[in-house]
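Given the coordinates of chain A, work out where chain B should sit on it, guided by the hints.
Which chain is which? The protein sequence lines are A and B, in order.
Everything in the first sequence is counted per this note's numbering, starting at 1 for the first residue and increasing by one.
Everything in the second sequence is counted per this note's numbering, starting at 256 for the first residue and increasing by one.
Take the hints with a grain of salt, since some may be wrong.
In silico lysine to any residue, SDA-like type, Cα no more than 20 Å apart, as pairs [said to hold, decoys possible]:
1. B:Lys635 x A:Lys159
2. B:Lys408 x B:Asp446
3. A:Lys199 x B:Asp446
4. A:Lys50 x B:Ala364
5. A:Lys199 x B:Glu471
6. B:Lys408 x B:Ala364
7. A:Lys159 x A:Pro131
8. B:Lys476 x A:Arg195
Simulated restraints, written as ranges between beta carbons of each label pair [unchecked claim]:
9. B:Arg390 x A:Thr86: 55 to 61 Å
10. A:Asp20 x B:Ser510: 42 to 48 Å
11. B:Glu571 x A:Met233: 33 to 39 Å
12. B:Arg538 x A:Gly78: 43 to 49 Å
No lab work stands behind these hints, which were simulated from the structure alone.
Don't be surprised by glycine CBs; every beta carbon is placed ideally from N, CA and C.
Residues per chain are reported as follows:
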Amino acid sequence: MNIVVPVKLVPDLVEDLEIDESGITLDTSWLRLILNEVDEHALEQALLLKEAHGGTASVISLDGEGVDDVLFSSAAKGVDHLIKLTGLEFGDDLNNHAVARLYGAIVERLEPELVLIGVQAHNDLDGSLGPLLAEYVGMPYVGYVSGITVTDGKCRVLKEYPGGLIAEMDVVLPAVLGVQAAEAPPRYVAISRIRQAMKTVSLDEQAAADPDSGGGPTIDSMFKPETGERATMIAGDEEEVAAKIVDLLGELGKV
Amino acid sequence: MTTSTVDTPEDFEFNDAFRLSLEEVEQGRRIRACLQCAACSGICPFGFLMDFPPHKMISAMRAGMFERVMGMDSLWLCVSCYACAQVCPAQIPLTEGLMTRAKEEMVLAGNIPVELQDALENSQRYGNALGEPPRRRADWAAGLEPAVPILGKIKRSVDVLWFVGDYASFHPRGRQASQALATVLNRLGVDYGILGPEENSDGDSQRLAGERGLFEMLAEKNGRVFEKYEFQEILTTDPHAFNALKNEYPALGISYPVRHYSQFLATHLEQLQTMLGGAISARVAFHDPCYLGRANGIYDEPRQLLAAVPGLELVEMLHTRETSICCGGGGGGMWLDGFRWEKARFRLSEVRVQEALAVGADILAVTCPYEMPRFEDAAKTVEGAEHLVVKDIAELLADALVEAEVSS
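Looking at chain A on its own, in the form it has when it is part of the complex (with noise of 0.2 Å):
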C-alpha cells in the first residue's frame, strides 16, 4: 500500500502572533514555524498502515524554516520518500488553493491508493486543504476520520461527528482521508535516529510550479480578538487576580 502524506507548517505559538502593518497578514520577523499537529497524526496513521501491510510511505512538504528537520524526523520514524517543493516557502502568500494545487500535482505523479492529511489546522480550522487536493487529484475525501483499516484493496473508515457520533464508512481507493486522530499517539523518535537520517536518507527536492491561488477568499483585514463589552478583565498579579475572583465569585452567590 502505497500512501503519501502532505504536511503544512503552521506558525508555532510558543511566540506571540503580530499582526503585519499591512494589517491583512502575520508579522513574520519572529515567526516560527512547526508541523501542524494534525498532520502528525496523519503522519503515524500513514505508519501505522504501512507497518501492517508493507508498501511505501511518502511525505510531501513546501519549503520553509525547520521543513529539513520534519522531513529527517519522519524518515527516521519510517517514511521512505521525503519530497521538499523548492522555490516557494510557508510564509509567502499562498493560500489553500494553492497549495493544494501543488501537492496535488505531485500527488498525481505518485499514484498512490492512499493520500492522509490533516484534518484541520489552527490557520485552516475549516480544514479546506484536503477536500480541495481530493478535487483537484479527482479523489473521494472524507475528513474527521479517526481509524482506518484496509482490507482487499478496500477501506473503512471511523468518521467523528458532533455530539459524539461516529459513523463507519466504505471508501473506494484511492481516496484522500482528513485525519482527526491516528489509532495510536504520534511515535517518539530518539535524536540519534533523526541525525543519522540526516546523514544517510536524501532529500527529493522537486521545483515547485507557479502557484495558482484561484478561488480562494481575499484577506481584507486581520486583527486580534476584542474584548465583548460585557467581558471583566482582571489585572494583576496572581494574588490580586485570585482575591478579586474569590470576591466575585462571593457576589455572584458561588461560594
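Only chain B this time, still in chain A's reference frame:
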C-alpha cells in the same frame, strides 16, 4: 550500541550487545562482580514497585533475558538518584551504567510515556523542557537593578559565566530564586554575565531519561555559545547543570572550570558574613540534592552558607547527606509526575516534607530549582505542612542581606 527492538522472547543477541555496552561505561566491568545482595533494590525509593529493580535487571541479563526488562515500563520509576550506586558493595556504576543504558534502549525503541515525550520534544525544539519561548529566557531579570548583564549585549569579558538553566529561568519560583541570587552576586561585587536567549538546557536530565542524542545536541549548542565569550569559570544554579558541565561535557570537548553556586558563595563566606546582618529566626532543614550530594560529594558548602545566616537554626532530617532521598524530579522525573502517580500513588517529595515536619522545621531549604515546586506542592498535600516554607538558599541569603540594609 544495539538499536534493535525486541520481538522474540529470548533475544540473546540484544542481551549480549546490551551487556557489552554496560562494560564500556567507566568502571562498567564491575557489573561482573554483582553478588545479588539486592542492596540496590532495597534502597531504591521506588524499588518495591518495580517489576525488575536493579539487582533483578542484572540477574535477567545474566540469564540472557534482558528483553523481558524492556517489556516493562517500571524502569520509568527510576529517578537516577544514585542511591543504588552509593550503596552497592561492588561499586557498580548502576545509575550511570545499567539504569541509564536501559532507558536509552527504551527511548530508541520509542517506548516512553507521553508526558516525557513532550518534555524531550520541547527540549529539542525550544532548548528548554518546559516548552517556553527561548526568546524569553532572560525575562526573569527584566527590571532588576543593577541590570543582569547579558553577554551578547555587553560585549566584554567577565569573570563568571552564570549558567542559569531551564527551571531557574522559566519556572515562577525558580525565577524568584534567580533574582535572589543576582542580588547576592551584585552585593558581593562579582563580575558576572548570563547567556540569556543563547542558553540552552544543560540536557543532563534528558540524558538520564535515556535521550543521549538530545543531550549531545544541547551540549554542542551550549558549547558553541561558550566559545563566543571570554570568562574565567562557569557558575550554575542547577546541580544537574553542574553535573553535566563537570562530568559529561568534557568528553564532548567542552571543558571549563565549573562550580555550583553554593560552592562559589562558600568561598566568599567571610565577605558574606559581614553583610548578613538580618536575623532569620527559624528552624531550617536542608535537603541535599542528589546531583550535588551523592553524585558529586558536595555536602558542606550549602550548610556553611545556611549556618552563616544570623538566627537560623540548622536541623538535619532523618535522611541526610549520603542518605538523602530524591525529591522525585531526577532522571526525567520532573516530566513523569502523572505516570509516577498512577504507578505509585505517593510522591517522594511528600516523604521529604514529612521528614522536615518530624524535625520541627519551619523552612525547608533547597539549592536545586527542581525542588521548590516539588516541595511546595507536597506541602499543600501533606497534613500539618501548611506552615512549611520552601526557600532556595539564595533566597534566604538575599533576605538576610536585605535585612542588613534596612538595619544599617
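Okay, the hints, checked on the actual structure:
Of the supplied pair hints, the one linking lysine 635 of chain B and lysine 159 of chain A is violated, its CA atoms being roughly 44 Å apart against a limit of 20 Å. For a cut-off of 20 Å, the pair hint linking lysine 408 of chain B to aspartate 446 of chain B stands: about 15 Å separates their Cα positions. Pair hint lysine 199 of chain A plus aspartate 446 of chain B does not hold up; C-alpha atoms about 43 Å apart against a cutoff of 20 Å. Of the pairs offered as hints, the one joining lysine 50 of chain A and alanine 364 of chain B holds, with about 18 Å between alpha carbons and a cut-off of 20 Å not exceeded.
Only pairs whose Cα atoms come within 20 Å are accepted, and lysine 199 of chain A paired with glutamate 471 of chain B is accepted, the gap being roughly 16 Å. For the suggested pair lysine 408 of chain B and alanine 364 of chain B, the alpha carbons sit about 43 Å apart, so the restraint of at most 20 Å is broken. With a C-alpha separation of about 15 Å, the suggested pairing of lysine 159 of chain A with proline 131 of chain A holds against the 20 Å cut-off. Between the alpha carbons of lysine 476 of chain B and arginine 195 of chain A the distance comes to roughly 15 Å, so the proposed pair stays at or under 20 Å and holds.
At roughly 28 Å, the beta carbons of arginine 390 of chain B and threonine 86 of chain A sit outside the given window of 55 to 61 Å. The hinted window of 42 to 48 Å between aspartate 20 of chain A and serine 510 of chain B holds, with their beta carbons roughly 45 Å apart. Restraint check, glutamate 571 of chain B to methionine 233 of chain A: a C-beta distance of roughly 49 Å breaks the suggested window 33 to 39 Å. Distance hint check: the CB atoms of arginine 538 of chain B and glycine 78 of chain A are about 58 Å apart, inconsistent with the given range 43 to 49 Å.
Of the hints listed earlier, those the structure fails to meet are numbers 1, 3, 6, 9, 11, 12, in rising order.
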